[in-house]
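**Student:** All chains, full assembly: derive it from the sequences and hints.
Heads up: the sequence shown begins at 1 in my numbering, then just goes up one per residue.
Quick caveat, the hints were computed from the structure, so don't treat them as lab data. Note that the structure is predicted; figures quoted are calculated from it, not measured. Fair warning: there could be bad hints in the mix.
[What the hints assert, rightly or not] DSBU-like, lysine-lysine: derived pairs with alpha carbons at most 35 Å apart: (1) K35 / K5; (2) K3 / K45; (3) K33 / K84; (4) K33 / K5; (5) K43 / K33; (6) K3 / K43; (7) K33 / K45; (8) K35 / K45; (9) K5 / K45; (10) K43 / K5; (11) K33 / K3.
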Amino acid sequence: MNKIKDGWFGESNQLWPGQAMSLQVENVLFHEKSKYQDVLVFKSKTYGNVLVLDGVIQCTERDEFSYQEMLAHIPLNSHPRPRKVRYTSQLTS
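**Tutor:** Quick look at the structure:
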């Protein structure tokens, strides 16, 4: 069950028994069901803007930096002498 009810977005799944994630919704910024997926973007009280695809939280403003840092820091620290770097991603933040 993944939906907004009484001002809260809830994410739970049989794949994660015994746990669920709920975020308080300030306002819905975008919601549309495309040919491929259900896209929801909302502003939460504590996590900032939140992207949800098919009912599953993909990223939030509060914790997206940790994912982006891992993409950059691990390769840079693995190379003995990095000089020029080009960072490309499928997502833009």
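**Student:** Decide, hint by hint, whether the structure agrees.
**Tutor:** Hint check results:
no. : hint      : verdict
1   : K35 / K5  : 25 Å, holds
2   : K3 / K45  : 16 Å, holds
3   : K33 / K84 : 41 Å, violated
4   : K33 / K5  : 18 Å, holds
5   : K43 / K33 : 18 Å, holds
6   : K3 / K43  : 14 Å, holds
7   : K33 / K45 : 24 Å, holds
8   : K35 / K45 : 30 Å, holds
9   : K5 / K45  : 15 Å, holds
10  : K43 / K5  : 15 Å, holds
11  : K33 / K3  : 14 Å, holds
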